[in-house]
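Colleague: Each protein sequence line maps, in turn, to chains A and B.
No gaps in the numbering here: position 17 of the first sequence is 17 in the numbering used here, and each next residue is one more.
No gaps in the numbering here: position 166 of the second sequence is 166 in the numbering used here, and each next residue is one more.
Hints in this document: simulated from the structure, not taken from any laboratory.
All C-beta atoms, glycine included, are put in the ideal place defined by N, C-alpha and C.
Where hints are given, some of them may not hold.
As the list claims (entries may be wrong) - Just a few of them, taken from the derived set where beta-carbon distance is under 7 angstroms, the chain A residues facing chain B: (1) A13; (2) E14; (3) L24; (4) E25; (5) P27; (6) P29; (7) L34; (8) T35; (9) V38; (10) M39; (11) T41; (12) V58; (13) G60; (14) A61; (15) V62.
Chain by chain, the residues run as shown.
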Amino acid sequence: MKRPPSGDELSPAEAGLVRLLGSLESPEPGDARLTRAVMRTARLQLAVRDVARAVTLVVGAVGEGAVLLFGIRRRSS
Amino acid sequence: MVATAPRTGTASDEALARRTLAGDISAFEAIVERHRLVVRRVAARIVGEDEADDVAQDAFLRAFHRVGRFRGEASFRSWLLRITHNAALDALARRRARPVDDVGDLEDEASPGRPRTPADQLEERERRDRLAAKLRLMQPTHRAVLVLRDLEGLSYEEIATITEAPLGSVKGRLHRARRELIDILRANTYDWGLPQ
């Protein structure tokens with residue numbers, strides 16, 4: 001935890017409050033598990049995004065193919 | 001000669017952000033490792049220990065998907081803390097319906113699993129726990145600015161960037177936040193030793 005800031009014009013009560021806050025313990029620092037969890041989820045989301053893009057491309061291509069195919073048939077019939 | 005990118009350990013945040021945007025996921029891992037302590041600390045101060053990991057993870061993932069929006073107008077840390085601040089406030093908004101823990105419960109939290117400590121240490125711990133609980137009773141936006149200034153020691157300019165508020169508003173909000181916490185502490189019968 002950083003030291004309480006200096007330079008603020010504080011009333012006696014505010015100065016007392018800042019001193020009190022300085023006595024608070026730092027929260028638990030956390031550990032490398034957080035990094036692992038973030039990276040695991042990020043990689044998963046990237047993979048899902050890539051799959052979704054691929055599916056969108058395939059569906060788009062199939063749709064265009066269908067339009068082309070039916071368009072040709074309609075013209076020829 | 002082939003130019004190589006600097007190792008992630010020595011590269012600047014901005015360089016790592018550019019590499020992340022270019023698809024180098026190891027660069028983002030270096031960002032997470034570099035900033036996880038401050039991100040988690042700020043998250044814990046705003047939402048509490050129970051949700052701190054979730055909020056920190058949410059903040060990093062938001063940053064990962066929005067890294068292309070980082071323009072370098074402020075430092076990367078400020079940009080990341082802005083995302084953390086927003087993620088924390090969002091988490092608080094989601095649980096607004098839930099009752100806030102009151103300090104009245106602290107007497108029952110005698111930490112049965114911990115080894116016995118001398119009475120003065122126990123009293124000091126209880127005092128800190130009470131203060132942390134009082135902090136959680138504050139308005140979220142007030143709590144956030146108080147955490148960033150009085151606990152993290154950030155400059156007004158950086159807090160203005162993080163909270164997306166004008167400098168004058170930050171100073172006013174901080175003043176009101178301190179008054180709010182002082183009033184909360186004074187409303188309690190516990191003697192905080194605050195001068196008038």
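Colleague: Report holds or violated for the interface hint on A:T35, using the least CB-CB distance to chain B and a cut-off of 7 angstroms.
Modeller: The hint holds - A:T35 has a Cβ within 7 angstroms of chain B, the shortest such distance being about 5 angstroms.
Colleague: The hint names A:L24 as touching chain B; please verify it with the least Cβ-Cβ distance against 7 angstroms.
Modeller: 6 angstroms, holds
Colleague: If you take the shortest Cβ to Cβ gap from A:P27 to chain B, is it below 7 angstroms?
Modeller: Status holds, d = 3 angstroms.
Colleague: Is the hint on A:V62 kept, meaning its closest Cβ partner in chain B is under 7 angstroms away?
Modeller: Because about 28 angstroms separates A:V62 from the closest Cβ in chain B, which is outside the 7 angstroms limit, the hint is violated.
Colleague: Does the nearest C-beta of chain B fall within a distance shorter than 7 angstroms of the C-beta of A:P29?
Modeller: With a minimum Cβ separation of about 6 angstroms from chain B (threshold 7 angstroms), the hint on A:P29 holds.
Colleague: Please verify that hint: A:A61, Cβ, nearest Cβ of chain B, below 7 angstroms or not.
Modeller: Not OK, violated: A:A61 not within 7 angstroms of chain B, min 24 angstroms.
Colleague: Would the hint on A:V38 stand, with a C-beta cut-off of 7 angstroms toward chain B?
Modeller: With a closest approach of 4 angstroms, the A:V38 hint holds.
Colleague: At a threshold of 7 angstroms, is the proposed contact between A:V58 and chain B supported by beta-carbon distances?
Modeller: 22 angstroms, violated
Colleague: Using the nearest Cβ pair, does A:G60 come within less than 7 angstroms of chain B?
Modeller: Violated, because the Cβ-Cβ distance from A:G60 to chain B comes to roughly 23 angstroms (cut-off 7 angstroms).
Colleague: Classify the hint on A:T41 as holds or violated, based on whether any CB of chain B lies nearer than 7 angstroms to its CB.
Modeller: At 6 angstroms from the nearest chain B Cβ, A:T41 passes the 7 angstroms test, so the hint holds.
Colleague: Is the interface hint satisfied for A:L34? The criterion is a beta-carbon contact with chain B at less than 7 angstroms.
Modeller: 5 angstroms, holds
Colleague: Would you check whether A:E25 satisfies its interface hint, that is, whether its CB is within less than 7 angstroms of any CB in chain B?
Modeller: At about 6 angstroms, which falls below the 7 angstroms cut-off, the nearest Cβ of chain B leaves the hint on A:E25 intact, so it holds.
When each numbered hint is compared with the structure, violations occur for hints 12, 13, 14 and 15.
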